[in-house]
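Now that you have both chains on their own, put them together as the hints suggest.
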Amino acid sequence: DGGITQSPKYLFRKEGQNVTLSCEQNLNHDAMYWYRQDPGQGLRLIYYSQIVNDFQKGDIAEGYSVSREKKESFPLTVTSAQKNPTAFYLCASSISRTSYEQYFGPGTRLTVT
Amino acid sequence: GESVGLHLPTLSVQEGDNSIINCAYSNSASDYFIWYKQESGKGPQFIIDIRSNMDKRQGQRVTVLLNKTVKHLSLQIAATQPGDSAVYFCAENMSRDDKIIFGKGTRLHILP
Numbered sequence: 001d002g003g004i005t006q007s008p009k010y011l012f013r014k015e016g017q018n019v020t021l022s023c024e025q026n027l028n029h030d031a032m033y034w035y036r037q038d039p040g041q042g043l044r045l046i047y048y049s050q051i052v053n054d055f056q057k058g059d060i061a062e063g064y065s066v067s068r069e070k071k072e073s074f075p076l077t078v079t080s081a082q083k084n085p086t087a088f089y090l091c092a093s094s095i096s097r098t099s100y101e102q103y104f105g106p107g108t109r110l111t112v113t
Numbered sequence: 114g115e116s117v118g119l120h121l122p123t124l125s126v127q128e129g130d131n132s133i134i135n136c137a138y139s140n141s142a143s144d145y146f147i148w149y150k151q152e153s154g155k156g157p158q159f160i161i162d163i164r165s166n167m168d169k170r171q172g173q174r175v176t177v178l179l180n181k182t183v184k185h186l187s188l189q190i191a192a193t194q195p196g197d198s199a200v201y202f203c204a205e206n207m208s209r210d211d212k213i214i215f216g217k218g219t220r221l222h223i224l225p
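As given, the protein sequences belong to chains S and R, one line each in that order. Position one of the first sequence corresponds to residue 1 (the working numbering), numbered consecutively onward. Position one of the second sequence corresponds to residue 114 (the working numbering), numbered consecutively onward.
None of these hints come from the bench; they were simulated from the model. Since no wrong hints were added, every one of them can be taken at face value.
Selected chain R positions facing chain S (in silico; Cβ < 7 angstroms):
(1) Ile-147
(2) Gly-156
(3) Lys-212
(4) Gly-216
(5) Lys-217
Beta carbons: idealized from backbone N, C-alpha and C, even for Gly.
Just chain R, with the same shape it has in the complex (with noise of 0.2 angstroms):
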């Protein structure tokens, strides 16, 4: 696979474990936060997105939680599988900006 990870922060969890991944963002003004995955070797997957005027939002398997007082921004992924095993890039966007700025990603591993 792509070695775009190299020297990423990883985070191992048992598999059937929930796996909760960080983010700290820096623009206040941004209006949209939104979470991508990349497998091994692909293009990065869009997971979700949640707008500036909400804390959380919930999908399948997936919740993100954002803490405009302190720029956070989190992905929680319930009963983790082997195939949740990827690359995690969090980005923003601001509604009047044409361009979504992205993290340098999480690495997450499942262990068996």
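Extracted from the complex, chain S is given alone in its bound form (with noise of 0.2 angstroms):
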């Protein structure tokens, strides 16, 4: 089955560590997303990525980074940089950069302590 898979489902850190949380597709689409969801605030953009090696900052960068060494991967790293780092995250993926359908991961839960 062709989707978008993020793991793990949930993910408990101390504060002060950073994490990775992972993000892979097989729907061979080019442009990759991460977005950050808050209760009462909807979706918010952290990163995107049109193309392999590269990537352009969302809404809320600060505190993040990601890397795109591989069409079917886009990590994304929450940094000890990030103030306010529990929250519910989603990775997407759309056919190009142009696509507005995206096609959603079953996020990962982030608590941090």
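Right, here's the structure in full:
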């Protein structure tokens, strides 16, 4: 089955630690995205990538980093510089950078204490 | 499930009735408008889209209406079923942009 996967579903970390969230897609999509979702605030764009080895900051990139070494993978690192990292993180992909139909993974719930 | 909508507006609808979910957008330059459905604990799922030069578009059991004069978008779900219970997000996109902008969402609650 084609799709987009995120792991793990739940992740717990101590404050001050960096943590990397996994996102993999086998849809052969060029574009990939990371969103953060908080209660009552919808989805906010963290980073996006239109093609391998290229990525751009979204609206709330501070405290996060990404890489796009392979077409199918777009991991997100939540660094210790992120002031409020506890959130639900969603990865998405689309066939091209101009496509507005995005396919979402199941999300990772990160809790930092 | 995920507590993604603790403070979202909620629409309660009797099973079998029609649902109308509304959304106001701000950017008159947007070219596409999209509706996504997010069930508890899952990622959003694309439902239907409408281009800015259209007023209405129908899908299976869903209809999207666009009123550019008042910058208003609505999603109508016919004969609402328990499986329609979810948070619904409207989103907008400019064709020259690489991003889509999501609204805050509305929770649809189905009454038995």
